[in-house]
Amino acid sequence: MIEPLDRQLLTAIQQGLAITPRPYTELAEKLALSEQDVVTRISNLKRSGLIKRFGIIVKHRRLGYRANAMVVWDIPDALVDELGQRISQQPFVNLCYQRPRQGEIWPYNLFCMIHGKSREVVEAQLQTLISECGLETFNYEVLFSRRCFKQCGAIYPASQG
Amino acid sequence: MDAIDRQLINLLQEGLPICPAPFRDLATQLELSEAEVIERLKMLLADGTLTRFGPMYHAEQMGGALTLAALKVPTERFDAVTEIVNAFPEVAHNYQRTHELNMWFVLATETPEQVDVVIAAIQAQTGLKVYNMPKQREYFVNLKLDA
Chain A
1 MIEPLDRQLL TAIQQGLAIT PRPYTELAEK LALSEQDVVT RISNLKRSGL
51 IKRFGIIVKH RRLGYRANAM VVWDIPDALV DELGQRISQQ PFVNLCYQRP
101 RQGEIWPYNL FCMIHGKSRE VVEAQLQTLI SECGLETFNY EVLFSRRCFK
151 QCGAIYPASQ G
Chain B
1001 MDAIDRQLIN LLQEGLPICP APFRDLATQL ELSEAEVIER LKMLLADGTL
1051 TRFGPMYHAE QMGGALTLAA LKVPTERFDA VTEIVNAFPE VAHNYQRTHE
1101 LNMWFVLATE TPEQVDVVIA AIQAQTGLKV YNMPKQREYF VNLKLDA
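Respectively, the protein sequence lines represent chains A and B.
The C-terminal position of the first sequence is numbered 161 in our numbering, with every residue numbered one higher than the one before it.
The C-terminal position of the second sequence is numbered 1147 in our numbering, with every residue numbered one higher than the one before it.
These aren't lab readings, by the way, just hints derived from the structure by calculation.
By construction, the Cβ of each residue, glycine as well, lies at the ideal position given by its N, Cα and C atoms.
Keep in mind that the hints are not guaranteed to be accurate.
Derived CB-CB ranges, DEER-like [unchecked claim]: (1) B/Gln1125 with A/Lys46: 37 to 47 angstroms; (2) A/Thr25 with B/Gln1125: 44 to 54 angstroms; (3) B/Glu1014 with A/Gln85: 15 to 25 angstroms; (4) B/Asn1132 with A/Met113: 12 to 22 angstroms; (5) B/Thr1028 with A/Asp77: 45 to 55 angstroms; (6) B/Gln1125 with A/Gly134: 39 to 49 angstroms; (7) B/Arg1137 with A/Ile105: 17 to 27 angstroms; (8) A/Arg146 with B/Glu1138: 21 to 31 angstroms.
Subject to a maximum C-alpha distance of 27 angstroms in a straight line, what follows is the list of computed DSS-like cross-link-like pairs (lysine-lysine) [said to hold, decoys possible]: (9) A/Lys59 with A/Lys117; (10) B/Lys1042 with A/Lys52; (11) A/Lys46 with B/Lys1135; (12) B/Lys1072 with B/Lys1129; (13) A/Lys117 with B/Lys1129; (14) A/Lys46 with A/Lys59; (15) B/Lys1129 with A/Lys52; (16) A/Lys59 with B/Lys1135; (17) A/Lys30 with A/Lys46; (18) A/Lys46 with B/Lys1042; (19) A/Lys30 with A/Lys59; (20) B/Lys1042 with B/Lys1129; (21) A/Lys30 with B/Lys1042; (22) A/Lys59 with B/Lys1042.
Input sequences plus hints: build the corresponding full structure.
Below, the structure written as structure tokens:
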């Protein structure tokens, strides 16, 4: 259970931290805490895993990462954990999840994301992935993104008690 | 964006130091002044290179839920369906992708039950089946992109 004060704190910082020399002072005042209390609470929330990352959300397209491929695999259930762990260790893999198959239209159960500066780079990385992880015998598909309609970072409303 | 901005972005992707004066801390590491770090960060936010500065929460631990879902949208209806789907505040990302399932979006809701409610609403408004693919297992990766 999240303490009410922590929840208030999470709500207050979710839209982003003030970019000022002492970003926590105003926040502390609002919540009637000391600046050090705010910093300690945020550190604890980070340590507990509730705050997954505390930093920046980068627009990958702006950094020149124009090719964004979702690569999906049909892996026997008994092997999915082992291969998922192996895939996630490749430095160019950004996300790796096991998800449920959807029948005929979608037989894939392992998803990973590769961001690259061009399709050619992504395709070369995929070949590396296949040979490094021993994926030669499994069916896969590569879904490149054509357009991005919305990317707001997963801002999560913390308003609920 | 210059070499210093790139250094700053790479450093920040490892996380912001959690301390009373985090930008002074970064400035020391980069051998810049605190004022310059602040100025550069404001520029990078203003020009859209960085979308947000702050925390990313663990949705499930917060009591909420995340899922990835897909639609098979007929080409001629693509723009209209995009408009319907993006109007839902729970839709966090939405990409057109090269597959029969051609629209892929992430839903972030405050409670697990709301995922089903939002999916039912999207199905009702679009007349299309939503393929819901919540994660069953996450394999941890290094999330850093070289700037």
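Going down the list of hints, with the structure as the test:
no.: 1; hint: B/Gln1125 with A/Lys46: 37 to 47 angstroms; verdict: holds (38 angstroms)
no.: 2; hint: A/Thr25 with B/Gln1125: 44 to 54 angstroms; verdict: holds (45 angstroms)
no.: 3; hint: B/Glu1014 with A/Gln85: 15 to 25 angstroms; verdict: holds (22 angstroms)
no.: 4; hint: B/Asn1132 with A/Met113: 12 to 22 angstroms; verdict: holds (19 angstroms)
no.: 5; hint: B/Thr1028 with A/Asp77: 45 to 55 angstroms; verdict: holds (50 angstroms)
no.: 6; hint: B/Gln1125 with A/Gly134: 39 to 49 angstroms; verdict: holds (44 angstroms)
no.: 7; hint: B/Arg1137 with A/Ile105: 17 to 27 angstroms; verdict: holds (22 angstroms)
no.: 8; hint: A/Arg146 with B/Glu1138: 21 to 31 angstroms; verdict: holds (26 angstroms)
no.: 9; hint: A/Lys59 with A/Lys117; verdict: holds (13 angstroms)
no.: 10; hint: B/Lys1042 with A/Lys52; verdict: holds (23 angstroms)
no.: 11; hint: A/Lys46 with B/Lys1135; verdict: holds (22 angstroms)
no.: 12; hint: B/Lys1072 with B/Lys1129; verdict: holds (8 angstroms)
no.: 13; hint: A/Lys117 with B/Lys1129; verdict: violated (33 angstroms)
no.: 14; hint: A/Lys46 with A/Lys59; verdict: holds (23 angstroms)
no.: 15; hint: B/Lys1129 with A/Lys52; verdict: violated (32 angstroms)
no.: 16; hint: A/Lys59 with B/Lys1135; verdict: holds (23 angstroms)
no.: 17; hint: A/Lys30 with A/Lys46; verdict: holds (21 angstroms)
no.: 18; hint: A/Lys46 with B/Lys1042; verdict: holds (24 angstroms)
no.: 19; hint: A/Lys30 with A/Lys59; verdict: violated (31 angstroms)
no.: 20; hint: B/Lys1042 with B/Lys1129; verdict: violated (42 angstroms)
no.: 21; hint: A/Lys30 with B/Lys1042; verdict: holds (24 angstroms)
no.: 22; hint: A/Lys59 with B/Lys1042; verdict: holds (15 angstroms)
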